[in-house]
Amino acid sequence: GTIDNVFLSHSSDDRLLPENYVEKVMAELDERGIKYWISSKKLKSGDKFGSKINFAVKDCSVFVLFVSQQSLSSPDVKNEMALANKYKKKILPVRIEDFDIMKDPDWEYWFMNCQVEDALTNSEAEVKNFVNIVEKTLKG
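With this note's numbering applied, the sequence shown covers 251 to 390.
Mixed in with the good hints, there may be bad ones.
[Unchecked claim] Cut-off 20 angstroms, straight-line C-alpha distance, at most; resulting in silico cross-link-like pairs (DMTMM-like, lysine to aspartate or glutamate):
#: 1; residue 1: 291; residue 2: 273
#: 2; residue 1: 294; residue 2: 326
#: 3; residue 1: 378; residue 2: 367
#: 4; residue 1: 386; residue 2: 376
#: 5; residue 1: 294; residue 2: 278
#: 6; residue 1: 340; residue 2: 367
#: 7; residue 1: 274; residue 2: 374
#: 8; residue 1: 340; residue 2: 368
#: 9; residue 1: 378; residue 2: 281
#: 10; residue 1: 339; residue 2: 367
#: 11; residue 1: 389; residue 2: 278
#: 12; residue 1: 292; residue 2: 326
#: 13; residue 1: 338; residue 2: 326
#: 14; residue 1: 328; residue 2: 309
#: 15; residue 1: 340; residue 2: 358
#: 16; residue 1: 336; residue 2: 356
#: 17; residue 1: 339; residue 2: 376
[Unchecked claim] Ranges of calculated distance between the beta carbons of each label pair, as one might list FRET restraints:
#: 18; residue 1: 365; residue 2: 319; range: 18 to 26 angstroms
#: 19; residue 1: 329; residue 2: 355; range: 12 to 20 angstroms
#: 20; residue 1: 280; residue 2: 353; range: 28 to 36 angstroms
Source of the hints: derived by calculation from the structure; they are not laboratory data. Note that beta-carbon positions come from the ideal geometry of N, C-alpha and C, so glycine has one too.
Please build the complete structure, drawing on both the sequences and the hints.
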C-alpha cells in the first residue's frame, strides 16, 4: 500500500489558532505530492485509535510535531512523540505559538536532540521553508 511518509502530530485545538498553520502545511504537502497522515483526516469514529496511530508512526519516515501550548499539554501528542522516539524517527518540531517550550522539563527532554523550527509569522515563505525542510529530511 502507499505509505504516508510524514506523520503530522498536533492538537485539534491548534486549528483554532488564527493562522491555521497546520492547514497551510497540509496544503503545501498536497501541492508537492507528499503523502502525510493526520488524525483529523485518517481517523473515523469507531476506529481503534491506538493501533492506527501506532502503525502510522511506525510507517512514517518523518514525524512533524506542531508545537503549541495545547499540543504540549495533550496526552495524545505525548504518546505520539514517545512512539516516534521508540521507533527512532526523524523528528521535526515546528513552533506555531510563541512561548518558551523549555519551561517544561519533560519537553526539554523530548527536544534534546531536535532542531526546533519556528513558524511564528506564518507567512507563505515560512510555510514553504518548513516544507522544504520536511522534503530534505525525507530525502536525507
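Taking the hints in turn, this is what the structure says about them:
At roughly 11 angstroms between alpha-carbon atoms, residue 291 and residue 273 fall within 20 angstroms of each other, so this suggested pair holds. The straight-line distance between the Cα atoms of residue 294 and residue 326 is roughly 16 angstroms, inside the 20 angstroms bound, and the hint therefore holds. Of the supplied pair hints, the one linking residue 378 and residue 367 holds, its CA atoms being roughly 13 angstroms apart against a limit of 20 angstroms. Simply put, residue 386 and residue 376 have alpha-carbon atoms about 15 angstroms apart, close enough for the 20 angstroms limit, and the pair holds.
As the CA atoms of residue 294 and residue 278 are separated by approximately 24 angstroms, the hinted pair breaks the 20 angstroms bound. Between residue 340 and residue 367, the direct Cα distance comes to roughly 14 angstroms. Compliance with the 20 angstroms bound is thereby established for this hinted pair. Proximity of residue 274 to residue 374 is assessed by CA-CA distance (about 8 angstroms); at most 20 angstroms being required, the pair is judged to hold. The hinted pair formed by residue 340 and residue 368 meets the criterion: a straight-line CA distance of about 17 angstroms does not exceed 20 angstroms.
With a C-alpha separation of about 11 angstroms, the suggested pairing of residue 378 with residue 281 holds against the 20 angstroms cut-off. Distance check on the hinted pair: residue 339 and residue 367 sit about 17 angstroms apart at the alpha-carbon level, within 20 angstroms; holds. For the proposed pair residue 389 and residue 278, the alpha carbon gap of about 17 angstroms is at most 20 angstroms, so the pair holds. Taking the CA atoms of residue 292 and residue 326, the gap is near 15 angstroms; set against the 20 angstroms cutoff, the hint holds.
Simply put, residue 338 and residue 326 have alpha-carbon atoms about 18 angstroms apart, close enough for the 20 angstroms limit, and the pair holds. Between residue 328 and residue 309, the direct Cα distance comes to roughly 18 angstroms. Compliance with the 20 angstroms bound is thereby established for this hinted pair. Of the supplied pair hints, the one linking residue 340 and residue 358 holds, its CA atoms being roughly 17 angstroms apart against a limit of 20 angstroms. About 16 angstroms separates the Cα atoms of residue 336 and residue 356, which keeps this hinted pair within 20 angstroms; it holds.
Distance check on the hinted pair: residue 339 and residue 376 sit about 23 angstroms apart at the alpha-carbon level, beyond 20 angstroms; violated. The supplied range of 18 to 26 angstroms is met by residue 365 and residue 319, whose beta-carbon atoms lie about 20 angstroms from each other. Against the hinted window of 12 to 20 angstroms, the Cβ-Cβ separation of residue 329 and residue 355 comes to about 18 angstroms, which satisfies the hint. Remark: the range hint 28 to 36 angstroms for residue 280 to residue 353 is upheld by a beta-carbon distance near 34 angstroms.
Taken one by one, the earlier hints fail for this structure at numbers 5, 17, listed in ascending order.
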